[in-house]
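Could you put the whole structure together from the sequences, leaning on the hints where they help?
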Amino acid sequence: MPKWVTEGFNEYTRRFPRDMSFHLVEIPPGKRGKNADIARILEKEGEQMLAAIPKGSRIVTLEVLGKPWDTPELARQLDRWQNDGRDVALLVGGPEGLAPACIAASEQKWSLSNLTLPHPLVRIFLAESLYRAWSVNNNHPYHRE
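Numbering (full-length UniProt numbering), first residue to last: 1 to 145.
These aren't lab readings, by the way, just hints derived from the structure by calculation. Worth double-checking, as some hints may not be accurate.
To be verified - Straight-line alpha carbon distances no greater than 20 angstroms define the calculated DMTMM-like cross-link-like pairs of lysine to aspartate or glutamate that follow:
1) K109 with D79
2) K3 with E26
3) K109 with E128
4) K109 with E43
5) K109 with D84
6) K44 with E96
7) K44 with E26
8) K55 with D87
9) K31 with E96
10) K31 with E11
Quick caveat: nothing in here was measured; it's all calculated off a predicted structure.
Right, dumping it as structure tokens:
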């Protein structure tokens with residue numbers, strides 16, 4: 001990722017309190033050549049994603065067809081996730097989306113937008129949205145900016 005993406009993502013994740021850490025785990029995309037077996041690549045990416053999730057975590061997939069949440073609803077979701085006591089794994093797919101196994105394993109499906117967003121922006125948008133939701137729940141002035 002370009003430097004500006006890493007800096008933007010890190011800017012928001014460093015703002016979270018210690019009791020609500022935010023970690024990025026990247027799964028390298030499979031090679032997509034002229035005659036690539038996309039179904040197999042997607043399946044392998046899904047296997048790697050699911051293997052990287054700590055056991056017992058709540059899985060939330062980010063999908064265009066998921067539920068769109070405005071900031072107040074995301075704040076309520078974040079509060080529910082925190083009260084649930086489990087880690088939350090937010091899964092973002094590659095160029096072809098998420099593997100069917102990831103979708104099947106998800107407890108919730110969330111849509112950031114009806115638009116197709118480039119992956120660099122998704123990282124920053126996701127981190128900022130979660131930080132804003134945290135700020136709403138904690139009456140932090142950030143959400144009023």
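Inset, instruction - Any hints from earlier that this structure breaks? Give me their numbers in increasing order, please. - result: 10
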